[in-house]
Structures are given as structure tokens and as C-alpha cells.
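S.K.: First residue of the sequence shown? That's 0 in numbering that gives the first Met the number 0, and the numbers climb one at a time after it.
No wet-lab data here; the hints were simulated from the structure.
Don't take each hint at face value.
Heads up, simulated DMTMM-like pairs for lysine to aspartate or glutamate below, C-alpha to C-alpha not over 25 Å straight-line [as the list claims (entries may be wrong)]:
{"#": "1", "residue 1": "K84", "residue 2": "D68"}
{"#": "2", "residue 1": "K25", "residue 2": "E81"}
{"#": "3", "residue 1": "K84", "residue 2": "E24"}
{"#": "4", "residue 1": "K25", "residue 2": "E14"}
{"#": "5", "residue 1": "K84", "residue 2": "D119"}
{"#": "6", "residue 1": "K84", "residue 2": "D21"}
{"#": "7", "residue 1": "K25", "residue 2": "D127"}
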Amino acid sequence: MPDGERIARVAVSEEAAALLRDLTEKHGPLMFHQSGGCCDGSSPMCYPTGMFLTGPGDVRLGAIDVGLDEPIEVFMSASQFEYWKHTHLTIDVVVGRGVGFSVEGPTGRRFLIRSRLFSDDELARLEDVTSG
Numbered sequence: 000m001p002d003g004e005r006i007a008r009v010a011v012s013e014e015a016a017a018l019l020r021d022l023t024e025k026h027g028p029l030m031f032h033q034s035g036g037c038c039d040g041s042s043p044m045c046y047p048t049g050m051f052l053t054g055p056g057d058v059r060l061g062a063i064d065v066g067l068d069e070p071i072e073v074f075m076s077a078s079q080f081e082y083w084k085h086t087h088l089t090i091d092v093v094v095g096r097g098v099g100f101s102v103e104g105p106t107g108r109r110f111l112i113r114s115r116l117f118s119d120d121e122l123a124r125l126e127d128v129t130s131g
């Protein structure tokens, strides 16, 4: 990786990307909001764009490229981001029942987050986050 190259905060597994392509065909453009707990646990929730409104209390972590015309934006609450800001997130999918209103629910699969801490080098080159 060349020096100075920015590091993404979020990625997607190929299996999740394939499901997202299928879901986009059915629901149109999608977005993610990493839930902070309560009723839906702490799951990445996938919604048709515009069905979940973000605001100043959310941060945009970045966007994932799943091979569609537009990347899928990923958001998280600002308060949760304070705990996770040193962590790289990968959206993955497993067999199981989805939660809440996330669009993958009826498929028999559910999205989940796999995480790892950034290295010191990566921390120095992270992409900036923006308010939702």
C-alpha cells in the first residue's frame, strides 16, 4: 500500500456484496446504519435509501462498493463511533434470522459486523468521517 493512501473504515465480504446486489434489485438503492443496541442488539441494519433518516447525531463511516452503479453508504451513531473509532468494520452475512426492519430479514440470512483494531500506521491514514 503506497504511503499516504487513505484507509477505509468499512469493507464488505463478497458473500454480503452478492446479497446486497440481489437486495438492490428488489428494493432499489440501499444504505446501512450500524445499530447501537437496544431492541435490535448491535447489528448493521440495511434499509432502502431514504427509509432511515440520518442526522447530526450520526456519522458517515464511508461507502462500500458491491459492484453496482453507486456505492452503499454506511452510518453509525456518533456516540457509538466514539467507542468504535479505532476499529475496522467488515459487513458480512451469515445464515440466521435478521432483526428489526433490515431488508435481509426474509432471506434467512442476516448481516453482521466483523471487526479488528486498526494498526498504528492505519490510524494515521484513516478516511475522515462526516456527519449524517
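S.K.: Does each hint fit the structure? Answer for all of them.
M.R.: Verification of the hints:
Taking the CA atoms of K84 and D68, the gap is about 28 Å. The hint is violated against a cut of 25 Å. The suggested pairing of K25 with E81 is violated, with an alpha-carbon distance near 34 Å, which exceeds 25 Å. Among the hinted pairs, K84 with E24 is inconsistent with the structure: their alpha-carbon atoms are about 32 Å apart, more than 25 Å. For the hint linking K25 to E14, the alpha-carbon distance of about 17 Å falls within 25 Å, and the restraint holds.
Distance restraint check for K84 and D119: the Cα-Cα separation of roughly 13 Å lies within the 25 Å cut-off, and the hinted pair is therefore satisfied. Of the supplied pair hints, the one linking K84 and D21 is violated, its CA atoms being roughly 30 Å apart against a limit of 25 Å. For the proposed pair K25 and D127, the alpha carbon gap of about 32 Å is over 25 Å, so the pair is violated.
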